[in-house]
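**Q** Sequence:
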Amino acid sequence: MSLNRRDFVTRSAATAAGAALVGGLPVAAATPAAAAQDSGDAHRGPAGKETFTVLGTTDLHGRVLNWDYFTDAEYDDKAHNDVGLAKISTLVKQIREEKGCHRTLLIDAGDIIQGTQLTYYYARVEPITAAKRPPRHPMAVAMNAIGYDAAALGNHEFNYGIPTVRAFEEQLDFPLLGANALHAKNEKPAFRPYVIKELHLGHGRPLRVGILGLTNPGIAIWDKANVSGQMVFPGIVEMAKKYVPRMRAAGADVVIVSAHSGIDEATTYGDQLPWPEDASGEMAETVPGIDAVLVGHTHKEVAQRLIVNKETGRTVVLSEPLCWAQRLSAFDFEVEFAHGAWKVTSVSSRVLNSNAVPEDPEIVKLVAAQHKKVVAYVNQVIGTCKSALSIAEAPYKDVPIIDLIGRVQADTVRAALASTEYAKLPVLAQAAPFNRTALIPAGDVRLRDAAGLYIYENTLEARILTGAQIKDYLEFSAKYFAQLAPGAPVNLDTLTNQQSTPDYNFDSVYGLSYDIDISQPVGSRIVNLSLDGVAVDPAAQFVLAVNNYRANGGGNFPHVAAAKSVWASSDEIRNTMIAWVKAKGVIDPADFGGVTWRLVRAGVPLF
1 MSLNRRDFVT RSAATAAGAA LVGGLPVAAA TPAAAAQDSG DAHRGPAGKE TFTVLGTTDL
61 HGRVLNWDYF TDAEYDDKAH NDVGLAKIST LVKQIREEKG CHRTLLIDAG DIIQGTQLTY
121 YYARVEPITA AKRPPRHPMA VAMNAIGYDA AALGNHEFNY GIPTVRAFEE QLDFPLLGAN
181 ALHAKNEKPA FRPYVIKELH LGHGRPLRVG ILGLTNPGIA IWDKANVSGQ MVFPGIVEMA
241 KKYVPRMRAA GADVVIVSAH SGIDEATTYG DQLPWPEDAS GEMAETVPGI DAVLVGHTHK
301 EVAQRLIVNK ETGRTVVLSE PLCWAQRLSA FDFEVEFAHG AWKVTSVSSR VLNSNAVPED
361 PEIVKLVAAQ HKKVVAYVNQ VIGTCKSALS IAEAPYKDVP IIDLIGRVQA DTVRAALAST
421 EYAKLPVLAQ AAPFNRTALI PAGDVRLRDA AGLYIYENTL EARILTGAQI KDYLEFSAKY
481 FAQLAPGAPV NLDTLTNQQS TPDYNFDSVY GLSYDIDISQ PVGSRIVNLS LDGVAVDPAA
541 QFVLAVNNYR ANGGGNFPHV AAAKSVWASS DEIRNTMIAW VKAKGVIDPA DFGGVTWRLV
601 RAGVPLF
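Heads up: the sequence shown begins at 1 in our numbering, then just goes up one per residue.
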């Protein structure tokens, strides 16, 4: 494996912990200052034991500032959480001040460069892949300034294609790790599998901390168009079993895994891949030699989870900080040097809340110009709307704002197939409530309004399905709802998201009418399925306009991944929506709204 300029950077004591090794190779000289900074016995445990802390973030999704580009306002939620790396920077500085820079490491578990209009802008509008004078990616700017030591790849890193990931990697002052991201042709590592950092704790030889990066095998499905034939993504557990012994053999005294994978939750790609999606727990339980796991991907807060390794009997500590830089995980280690070797004597983890501190003005200043440019971009007026459209009730009612997504997709596919053999087939469209705060106001509609409605970088495809397959598709989607007997009280807090189904996996199908009878068990809920008042023929053919995530198997919906593809676009659906609004000039809900599906119990509407 060749080493580039980034691997030889010697960082200051304020942002680095000392020497680093990548794949067992030395890549940075230890800074004398780091070795000399020990603050006496302040951070030694009993009987001369030493302590150090590994800090971790995950699923940052383009958050640098505490700002919501979809509402053009400071971020806020019901719990008054804050977001952004500027907040994390303040927390990190506090921990470094408390513990000592030479006793801290900072890592991330992936999904860095997708999720806000800030990062979209530097992927598509002024891309970091530009041949001449490419801009610095704001996430790279912030993470370099904060002083990250390593980051694992997330699945959303590949949303913009491999060239964008590579351009981002080149701008980082730290390694982007992915032990299970391999070149398809020879199955050799496409990214560095691990890095080993040296900490000078005041006595004994330097402590060597190995950081292994693992990403999600689901990339092969979710971003198939971007990675197929170029990269493959084997299982997390399998690759941990391969690399943890290598890291130990290379001299790692401590092994931490930064895994873009949750703790043993149900997979969303079924049996399409032989590996589980959320395998961090299984890895901790079955792979010997791991001390701690920074967990990612599931956007959940797990302060500490303890899992006993079956082979060694040792406890592995797992922690997942809440996404978007709302939390910072801290793994606190106690180690002892004896007989020429370091031994971990205890590990614990906790999470810190970023809403407890102000933004770091240094980070704010570094990205101020880019932030201002993106704010101007998202506030462009692209049309008008005759009445306000809210998504608030979309999880349990057919509302016009979701119908708008369906209408745009159906119109686009219908136009694309107009001169083909499929022109006479009915065109349906899949849509889901991605963002529970989306709102299109009456009056001026800005680009951010459309972007806030469709927050993912999905593209549009067209697949051929039969009436029976469409019904199966809707039955699968309807598992989102709780089963409620007629007359039972309705609790909106528990009505939806059953079987851990996220909002983005609750699909409605625009163009059909149907009832969802939630008094019936999953699999037997779709009734009165019709098109223009006529019952749907199970053998009839339809064109389904569907996003690429779903078309490639995301969510494990039946039939669609294997269905015949008759058209596909490389442009994001968000841009298709923006172009549609610009062309129409006026959004009139009367053109596409209307209740075409509803929740019922034994035929009686729930609402």
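Hints in this document: simulated from the structure, not taken from any laboratory.
Watch out, some of these pointers could steer you wrong.
Computed list of lysine to aspartate or glutamate pairs in DMTMM-like fashion (alpha-carbon distance at most 20 Å, straight line) [as the list claims (entries may be wrong)]:
1. Lys132 <-> Glu187
2. Lys241 <-> Glu285
3. Lys471 <-> Asp444
4. Lys49 <-> Asp515
5. Lys372 <-> Glu362
6. Lys471 <-> Glu421
7. Lys300 <-> Asp493
8. Lys241 <-> Glu170
9. Lys300 <-> Glu311
10. Lys479 <-> Asp515
Computed Cβ-Cβ distance ranges for the label pairs, DEER-style [claimed, not checked]:
11. Ala423 <-> Phe607: 36 to 42 Å
12. Thr129 <-> Arg205: 26 to 32 Å
13. Ser565 <-> Ala482: 33 to 39 Å
By construction, the Cβ of each residue, glycine as well, lies at the ideal position given by its N, Cα and C atoms.
**Q** Indicate, hint by hint, whether the structure satisfies it.
**A** The hints, checked one at a time:
1. Lys132 <-> Glu187: Violated, at roughly 32 Å.
2. Lys241 <-> Glu285: Holds: Lys241 and Glu285 sit about 11 Å apart, inside 20 Å.
3. Lys471 <-> Asp444: violated (38 Å)
4. Lys49 <-> Asp515: It is violated: about 65 Å lies between the C-alpha atoms, which goes past 20 Å.
5. Lys372 <-> Glu362: holds (16 Å)
6. Lys471 <-> Glu421: violated (24 Å)
7. Lys300 <-> Asp493: Between Lys300 and Asp493 the Cα gap is close to 18 Å, so the pair holds against 20 Å.
8. Lys241 <-> Glu170: Roughly 28 Å separates the two Cα atoms, so the pair is violated.
9. Lys300 <-> Glu311: Roughly 28 Å separates the two Cα atoms, so the pair is violated.
10. Lys479 <-> Asp515: Judged against 20 Å, a Cα distance of about 14 Å means the pair holds.
11. Ala423 <-> Phe607: 36 to 42 Å: holds (37 Å)
12. Thr129 <-> Arg205: 26 to 32 Å: Violated, at about 43 Å.
13. Ser565 <-> Ala482: 33 to 39 Å: Since Ser565 and Ala482 have Cβ atoms about 35 Å apart, the given range 33 to 39 Å holds.
Violated hints for the displayed structure, listed by number in ascending order: 1, 3, 4, 6, 8, 9, 12.
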